[in-house]
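Protein chains: 2
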Amino acid sequence: MALLEGRVSLAHGNGGRFMRELIEEVFAKSFGGALDTGLDAAPMLRDADGSEWVITTDGFTVEPLEFPGGDIGSLSVHGTVNDLAVSGATPRFITVNAFIEEGFEIATLRRITASIGRAATDAGVSVIAGDTKVVRRGQGGGLYLATTGVGRRDKDVSLGLGRIKSGDRIIVSGTIGDHGTAVLLAREQFGLSGKLESDAASVLPVTTRLLQNPGLRFMRDPTRGGLATVAQEIAVATSLTVRLFERSIPVRPEVRGICDILGFDPMYLASEGRVVAVIAQETADDAIAALRSAGYVDANVAGQIEDGRSRVIMETRIGGERLLPELEDDPLPRIC
Amino acid sequence: MALLEGRVSLAHGNGGRFMRELIEEVFAKSFGGALDTGLDAAPMLRDADGSEWVITTDGFTVEPLEFPGGDIGSLSVHGTVNDLAVSGATPRFITVNAFIEEGFEIATLRRITASIGRAATDAGVSVIAGDTKVVRRGQGGGLYLATTGVGRRDKDVSLGLGRIKSGDRIIVSGTIGDHGTAVLLAREQFGLSGKLESDAASVLPVTTRLLQNPGLRFMRDPTRGGLATVAQEIAVATSLTVRLFERSIPVRPEVRGICDILGFDPMYLASEGRVVAVIAQETADDAIAALRSAGYVDANVAGQIEDGRSRVIMETRIGGERLLPELEDDPLPRIC
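Heads up: the sequence lines are chains A and B, in that order. All letters in the first sequence, in the order written, are residues 1 to 336 by full-length UniProt numbering. All letters in the second sequence, in the order written, are residues 1 to 336 by full-length UniProt numbering.
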């Protein structure tokens, strides 16, 4: 397999095909079948009442470590909380690993750990275990975090890619690509600036509302690789066609403008506080109405599932169609 | 606090005083009290039968990534399994985070993930969740791993620093400092070589036997900071004196020789497959006999707990006494 010979490239970390193959072929195969790479959170234990305890883990690298709307600390909590939330669970416990580069400013570290604490409190999770390692100067990128979260899922929650059917609607809970774009601007490497903030936040208020919708099939947070990558995953898992409607996918004008300038596609940019959900056609409007009335005013139908072969079609704003390919090259490294 | 101003140094990662203050003052204080820094594994859930599910997390950086007797992959599994084991739990689940540096050889990654898989199988744990991040060339040290483990502890297991009493014996399950010394040799930076292998291994066979001893008070694996650091922790937590007997602490001649040449003290060097346990005086000999008959032929009494102020005294081979201070400077960075 050509993708898996030689050396690891940045594309192996972007959420797209290289990463999928790396994880499936190198990691999952070595781990003897217990690892299901299609899950946001893995079932671990079952309570006597039938509810399940699920676990998820995530690594975090972001440059810069602090950006408008968040920092690597809050991001690490939100990312883990959100993986549990979109699996239908209520997050309860979290563990934090820090790889700190020699020479890192302790004042910055204090701000980031305080941010972890606040984000955990806000999401209702307790940080119950942690570890720190200090790595040599020049071998660390400042600070990397790895968080693991444990949450509880009620026994009547049944979500999964396998439940998706032709005719279902894909909804998004808000504007997409804010996080990716905000981090890009914060790097200041393109001479661009703006007031855009990352959308990084707990999605628990969204998932809690969506879980009340009887037509809910599947939820995911569109982080690395963005909405397009979630759509790809759905298309591959279901062998159905995913049709996205460009005109109804909420994208902030600033995000669109910056993408136009730099040649990025917002469909592939990370959000860190949004939910992509698949919902039965009959109840999709109810879901949108519920989210909008709760303040998620940009929530909208983004697409639908159709019969046809496994692919993602974008119906463009001007009425044309284009295929959205699986991400291969990296549009924006290290933004989540 | 002077240790916590300015910038993070390698000493903040060595298991000693700087690290303890960093973790207590910067991390634990930010996390709102749910984090108990004195535990190897934190209680999370309780089953109807009274048994407890505990969780632990660890970051792993080692240079070189592959060394005689193991690699960062097996090390990460053993480290996490061992933290659960010394807390009295049976390890069940593990999650793995990998931070991979751009340019890392995929063949090496395959060897290391295979090693993770083998170590997990051997220890009876399932790898049920994982994540990978690719970091830019020059920002990664090759590969860092962060593992989180979940295990189950029977309700009748009651271990802890708080149970230690004056008169108790400290035992070690085998030779100390093998891992630290083997990694040091593997770096080849001192022009030394040898056949020494790391002791990195699951300590479950040891902890299972010790848990059958009714006088067992406390167990820990002497990783970062070595036996001396575990002894320090006991002295601080109990406000008692820990007396170690140099002549009865098993140290391989190669380890002693290399330490003599390089000016290290084996008491501070990491082991990755040993247990330090505190056991009531009356049953300590039984514990040693049980371990030796199970093949842990170097198991021995290493010291005892005495009345007196909080300190660690080493009774030297030639009959003198010296205080073992808390580790401040780094004797051997990045060996565990």
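It is possible that part of the hints are untrue.
Where chains are identical, the list cannot tell them apart; a pair therefore holds if satisfied intra-copy or between any two copies.
[Stated by the list, open to error] Simulated pairs of lysine to aspartate or glutamate, EDC-like, Cα-Cα distance not exceeding 20 Å: (1) 155 / 47; (2) 29 / 122; (3) 29 / 105; (4) 29 / 188.
Simulated from the structure, these hints should not be mistaken for lab results.
Okay, the hints, checked on the actual structure:
In this assembly of identical chains, the alpha carbons of residue 155 and residue 47 lie at most 20 Å apart whether taken from the same copy (9 Å) or from different copies (17 Å). Taking the shortest Cα distances, residue 29 and residue 122 sit within 20 Å of each other only across copies (16 Å), while inside one copy they are farther apart (37 Å). Taking the closest pair of Cα atoms, residue 29 and residue 105 come within 20 Å of each other only across two copies (18 Å); inside a single copy the shortest separation is 39 Å, beyond that limit. Proximity of residue 29 to residue 188 under the C-alpha cut-off of 20 Å is found in neither arrangement, the shortest distances being 40 Å within a copy and 33 Å between copies.
Checked against the numbered hints given earlier, the structure breaks only hint 4 and satisfies all the rest.
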